[in-house]
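Chains as they are written, first to last, in our numbering: chain R, 1 to 160; chain H, 1 to 432; chain X, 1 to 128.
Treat the hints with care, since some could be wrong.
What the hints assert, rightly or not - Computed list of lysine-lysine pairs in DSS-like fashion (alpha-carbon distance at most 30 Å, straight line):
(1) R:K125 <-> R:K151
(2) R:K38 <-> R:K125
(3) R:K86 <-> H:K406
(4) H:K406 <-> H:K42
(5) X:K118 <-> X:K29
(6) H:K406 <-> R:K125
(7) X:K118 <-> R:K151
(8) R:K88 <-> R:K25
(9) R:K38 <-> H:K193
(10) X:K47 <-> H:K303
(11) R:K142 <-> H:K66
(12) H:K406 <-> R:K25
(13) X:K4 <-> H:K303
(14) H:K178 <-> X:K109
(15) H:K193 <-> R:K125
(16) R:K151 <-> R:K36
(17) R:K38 <-> R:K88
(18) H:K293 <-> R:K81
(19) H:K303 <-> X:K40
(20) R:K86 <-> R:K38
(21) X:K82 <-> H:K193
(22) X:K82 <-> X:K4
(23) R:K19 <-> R:K36
(24) R:K19 <-> R:K38
(25) H:K357 <-> X:K4
(26) X:K118 <-> X:K82
Since the hints were made in silico from the structure, they are not lab data.
Predicted, not measured: the structure shown is a model, and the values here were computed from it.
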Amino acid sequence: MSELFPQQVGRYAEQAGSKLTTTHKNENVIEVTQEKLKEFLGHLVNDLSTRHLMTITGLDLGQNIQIIYNFSHERDTVHVKTNVPKTKPVALSIIDIVPGAILYEMEVHDMLGVYFTGNPWMDRKLLLPDEWPSDLPAPLLKTSRADEIRKRLDLGVAKQ
Amino acid sequence: MSAQPEKPPRREESAGLMEYSTESLVPFGPIHPALKEPEYFKLVLEGERIVEVIPRVGYVHRGLEKASESRPWIQNMYMFERTCGICSFVHSVCYAQAVEGLTMFQVPARARFLRTIILEMERIHSHLLWVGLMGHWAGFDTLFMWVWNDREVVLDLVEAISGNRVHKSMNTLCGVRKDMPENMEDRIIERMKYLTDRARYYRDVIDTEETMLARTEDIGRVTADTAEKLCAVGPMARYVGMRRDVRLNDPYAAYDEVPFDIVTRNEGDVHALLRLRLDELVVSANIVSYAVKHLPDGPIRIKIPPTIPAGEHSSHCEAPRGEIFYFAKSAGGRTPERVKSRQPTLANIPTALEMLKGQTLADVPIVLTAIDPCFGCMDRMSFFDIDSNKKWTWSGEQLRQYGINKYFPERAKRQLHGQKFSSAGLGFKEKF
Amino acid sequence: MPKKQIGSAIPEMFREMLEKPSTEAYPFKPIIVPDRFRGKLDIDPAKCTGCSVCSLVCPSSVITMVDMGIRKLADRELKVRKPVFDLASCIFCGECVDNCAFNALEMTKQFELATPNKSDLLMKKVFT
């Protein structure tokens, strides 16, 4: 039931050592560390039947890169946030819990440079061209600029 | 799915130079004049059956998410509207909902109903386009012409309301920009009744026409468990029995005030997808008629300041192809900090790969069109015979003709389809 | 289960032969577009005051303001600026029309804008 669902999620969130915040629009937001992530997601998918992963969003927060797993369960949405440092952007893959996450992790790998251990397709690119220079940083980082990328890839100058 | 044929044994040449195997690699490559967007599937065939599919997408990656970080909030709406041509309005609605959740303003009731009307008209137009494409790739060109003629009916209505057929540009933050014109209600209701009758007729045709049944029944099967694990969305989830529809599970716009029921099917093959989309068309026509009769009064938009307060919000909507997801993060300025958009075809690719395994080469156009991809169907296909190092190419038209010839060889020789027995079919048989 | 047959669409085919064709006779006859059709942009020079709001809201940088001189008003000198339109980039959204406070802009019904020279679509009106 929709009223008890946030409380059930909150119980598992406390086990993982974090607090659940629910906004006024049925959005449940939890922030967990990388170590507790798979255990918490295992509870969410197997015990609470929250099987639909909408997407995986990556954000650049300056020092860290934040990865948000967006789940959907009837009228509620659950957003599980976790951080990885920019100096060592390695995260754990969740395709053993949710097999449909394989392409979303490839996208975060392409766009923000996060490596997911356990994902078999990490050597392939999803969205970037094959001839992307290896010394060019990932495009969605705040330090990457569109005109530099266009110059390196020989795409010409964009209209101002 | 039907059982895999037995593998013939491998032979190795004594000199060790060549290894004979029955596997051939068919690259299903990206560029074709008929495509809306390109994509690339590498098919590994064993004989005629597909055993593995390796996808490669990203040929039209435009960097919209990066571009959105340097444009004001309203201008981003026009940019995200142009992500897709067929589902452009639902992209702008979803983005608007993600941003409106950050403000404290509510969308007026009349605007929500107007958004629902245009959304459902867009769904009707998209499903009619898809049914026509299925007819074309199956060889039933007459159905294609008739269905696209009926599509003009709904496009004329959309043009009369919004000013354009494809990119409606009717949405704005906290409302819509144009009201319903005067004296349109009767015309809309009468046209919706016409489209309902036509949809019911097409449903009879695909149910009884033996040629369509031969091409679409028992093709493209996927179990419900696989579809749920791979996070399928839209009709790809509903054709195996899952009741997954954002309009029902998490209503937005005016869907909680309009009575309707979603359509699911249990058969799990391409024929079920045809029936499902035609039934959904009837449901959409009923929603439009109801919403037009019960349109509330009031303003159509609220003016909001150009800066959006800080925060994060996400929203999801049901496009004709599946679920669309938008996430917006604001740092309190005139431009967003991060906008993320996820299109339904990306979510359906893993399920599409499972659908393709076990199918024959002739069924590939039907299966790839059945997932209703937003990157189009087909293109130049190269064949490599590993054994003899021969290489030849087929165009999309030749592959389509190959499928028709394989299923109806006698009929293809006659003039019934209006097409001669193409040289592609002869060439293929001669080489083998 | 309905009875399977071949050629279930043939009766409809005969019925369709008696109706008039669905193809429009364009370009031999003109196409009637609805009232709200968003075609080529047009400006009424008498109403434009040079406030620049249209150039600020345009999503694709179609409108540039150019200096047209100085106007003296009492003891102040005001810069006069008027818009120039590069209609090759226009996306026909209508934001400029909605935001013009003086109703100087309008979207006409003209849609035949294909040309081999992009400079044909540069619209500069004479402002007095």
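Here is what the structure says about each hint:
Using a Cα cut-off of 30 Å, the hinted pair K125 (chain R) and K151 (chain R) holds, with the two alpha carbons roughly 21 Å apart. Under the criterion of a C-alpha separation no larger than 30 Å, the hint pairing K38 (chain R) with K125 (chain R) is consistent with the structure, at around 25 Å. Restraint check: the Cα-Cα separation between K86 (chain R) and K406 (chain H) comes to about 55 Å, which exceeds 30 Å; the hinted pair is violated. Note on K406 (chain H) and K42 (chain H): the hinted pairing holds, with a Cα-Cα distance of about 22 Å set against a maximum of 30 Å.
For the hint linking K118 (chain X) to K29 (chain X), the alpha-carbon distance of about 27 Å falls within 30 Å, and the restraint holds. Of the pairs offered as hints, the one joining K406 (chain H) and K125 (chain R) is violated, with about 36 Å between alpha carbons and a cut-off of 30 Å exceeded. Pair hint K118 (chain X) plus K151 (chain R) holds up; C-alpha atoms about 25 Å apart against a cutoff of 30 Å. A distance of roughly 35 Å separates the Cα atoms of K88 (chain R) and K25 (chain R); the hinted pair therefore is violated under the 30 Å criterion.
With a C-alpha separation of about 52 Å, the suggested pairing of K38 (chain R) with K193 (chain H) is violated against the 30 Å cut-off. For the hint pairing K47 (chain X) with K303 (chain H), the CA-to-CA distance comes to about 24 Å; that is within 30 Å, so the pair holds. Restraint check: the Cα-Cα separation between K142 (chain R) and K66 (chain H) comes to about 9 Å, which is no more than 30 Å; the hinted pair holds. Simply put, K406 (chain H) and K25 (chain R) have alpha-carbon atoms about 54 Å apart, too far for the 30 Å limit, and the pair is violated.
A hinted pair counts as satisfied when its Cα atoms are at most 30 Å apart, and K4 (chain X) with K303 (chain H) does not qualify at roughly 58 Å. With a CA separation close to 17 Å, the supplied pair K178 (chain H) and K109 (chain X) stays within the 30 Å bound. Between K193 (chain H) and K125 (chain R) the alpha-carbon distance is near 48 Å, which puts this suggested pair outside the 30 Å criterion. Distance check on the hinted pair: K151 (chain R) and K36 (chain R) sit about 42 Å apart at the alpha-carbon level, beyond 30 Å; violated.
Restraint check for K38 (chain R) and K88 (chain R): satisfied, since their Cα atoms lie roughly 19 Å apart, inside the 30 Å limit. With a C-alpha separation of about 44 Å, the suggested pair K293 (chain H) and K81 (chain R) falls outside the 30 Å cut-off, and the hint is violated. Annotation: proposed proximity of K303 (chain H) to K40 (chain X) holds, straight-line Cα distance about 27 Å (limit 30 Å). For the proposed pair K86 (chain R) and K38 (chain R), the alpha carbon gap of about 21 Å is at most 30 Å, so the pair holds.
In summary, the hint linking K82 (chain X) to K193 (chain H) is not supported, as the alpha carbons are separated by about 51 Å, beyond the 30 Å threshold. Simply put, K82 (chain X) and K4 (chain X) have alpha-carbon atoms about 70 Å apart, too far for the 30 Å limit, and the pair is violated. For the hint linking K19 (chain R) to K36 (chain R), the alpha-carbon distance of about 13 Å falls within 30 Å, and the restraint holds. The straight-line distance between the Cα atoms of K19 (chain R) and K38 (chain R) is roughly 17 Å, inside the 30 Å bound, and the hint therefore holds.
Our distance criterion of 30 Å between C-alpha atoms is met by K357 (chain H) and K4 (chain X), whose separation comes to about 29 Å. For the proposed pair K118 (chain X) and K82 (chain X), the alpha carbon gap of about 21 Å is at most 30 Å, so the pair holds.
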